[in-house]
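Undergrad: Per the working numbering, the sequence shown starts with residue 0, numbered consecutively.
In short, the hints are calculated from the structure, not lab data.
It should be emphasised that the depicted structure is a prediction, and the values quoted were computed from it without experimental measurement.
C-beta: ideal position from N, C-alpha, C; glycine also.
Keep in mind that a hint or two might mislead.
The calculated label-pair distances, taken between Cβ atoms and stated as ranges, are [stated by the list, open to error]: (1) D127 <-> K23: 19 to 27 Å; (2) P180 <-> V89: 33 to 41 Å; (3) S169 <-> H42: 18 to 26 Å; (4) H181 <-> V89: 28 to 36 Å.
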Amino acid sequence: MSAYVLGKDHLEYLTSKRYYMNLKESKNYCSEEKIFTLKDNLHRHLDNNEFSKEIIGALCITSFKNEIGSDCKEHCNYIYFWIVNTLINVLNKEENFSNIIDTINGISQAFVETHKCKCNFSKNLNKDNFNKIKAVHDYFNDYTYINGKLNESNNLCDGAYKNYLETTYSVYETAYNDCIPHNSQPYCTELKEKVPKFNGNKLQPLNCEKTEQENFYSPSEGRHDLDSEDVTERTFGESSTTSAIFISIFLPFLGVFFFLLHKFTPFGSWMQNNIVKKNIVKSYLNKIRTHDLRGYNSGSDQIHFEDGQFNLNYHPS
0 MSAYVLGKDH LEYLTSKRYY MNLKESKNYC SEEKIFTLKD NLHRHLDNNE
50 FSKEIIGALC ITSFKNEIGS DCKEHCNYIY FWIVNTLINV LNKEENFSNI
100 IDTINGISQA FVETHKCKCN FSKNLNKDNF NKIKAVHDYF NDYTYINGKL
150 NESNNLCDGA YKNYLETTYS VYETAYNDCI PHNSQPYCTE LKEKVPKFNG
200 NKLQPLNCEK TEQENFYSPS EGRHDLDSED VTERTFGESS TTSAIFISIF
250 LPFLGVFFFL LHKFTPFGSW MQNNIVKKNI VKSYLNKIRT HDLRGYNSGS
300 DQIHFEDGQF NLNYHPS
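Using the sequences and the accompanying hints, generate a full structural model.
TA: If you want it as structure tokens, here you go:
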């Protein structure tokens with residue numbers, strides 16, 4: 000593969016940003032009967048119907064994940080960082096933050112079923128500390144992807160990409176010095192809870208060489224190449240969840256349809272006379288083959304149906 004220059008547009012394909020985009024595009028397959036009032040409250044608090052719909056869709060998808068396992072916790076962390084970042088850094092909703100989080104927690108609780116994943120977000124907020132924790136969380140999740148892209152590009156980057164690497168690592172290094180080996184800052188406990196891998200070995204800085212050389216291709220031209228395996232796996236995971244939701248909704252209706260079809264239409268009799276009997280005969284013929292292999296010589300048997308019997312004779316070969 001020819002080397003290329005990592006630029007600002009390539010940052011949009013980082014693992015964390017792809018995950019946030021998947022959350023943003025989540026579809027709502029859940030019944031809204033239980034959240035009718037909560038939904039209205041969320042619309043009123045946010046004054047942004049589009050973001051409100053995105054939150055509800057993401058919480059719906061969450062309710063189909065299993066409660067046990069790291070996937071639920073990691074998924075809820077991503078939702079937390081996505082929602083809070085939008086609230087305080089985009090919509091400037093710090094004053095009403097507590098009421099909004101209460102409403103969101105209520106929606107998550109209403110959607111969830113037994114042994115399924117639900118998120119419970121903290122109402123405590125310090126904007127500076129939140130931004131530090133989110134930056135460290137994203138850096139950990141993007142680290143492998145970025146390292147791979149640096150190898151592919153021969154460590155070539157533009158000014159925006161280089162600045163991102165240096166700024167993000169600076170935040171990470173400050174947090175590391177604050178929280179390892181001692182919790183010298185109030186945010187350290189939450190950081191270690193949200194980013195369990197933070198307690199491991201210190202990450203090495205990721206560097207690139209700034210160049211004025213133009214990209215050999217833009218992200219839109221080489222989108223497939225910009226997708227890492229972990230992003231693909233996460234996307235597949237979301238697709239699998241969506242498929243599971245569709246199946247869980249569709250199959251009960253399909254079962255009722257076939258029951259009514261069998262019970263109240265001529266199709267039921269046709270199935271009984273053709274498909275069911277054919278399966279019984281096929282099963283019996285398999286039994287005959289087994290008998291023949293075991294050395295049975297001759298004889299006859301009867302298969303009894305609801306409206307008659309079927310005689311089979313077999314002879315030694």
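Undergrad: Now, for every hint given, state plainly whether the structure supports it.
TA: Checked hints:
no.: 1; hint: D127 <-> K23: 19 to 27 Å; in the structure: 25 Å, holds
no.: 2; hint: P180 <-> V89: 33 to 41 Å; in the structure: 36 Å, holds
no.: 3; hint: S169 <-> H42: 18 to 26 Å; in the structure: 39 Å, violated
no.: 4; hint: H181 <-> V89: 28 to 36 Å; in the structure: 34 Å, holds
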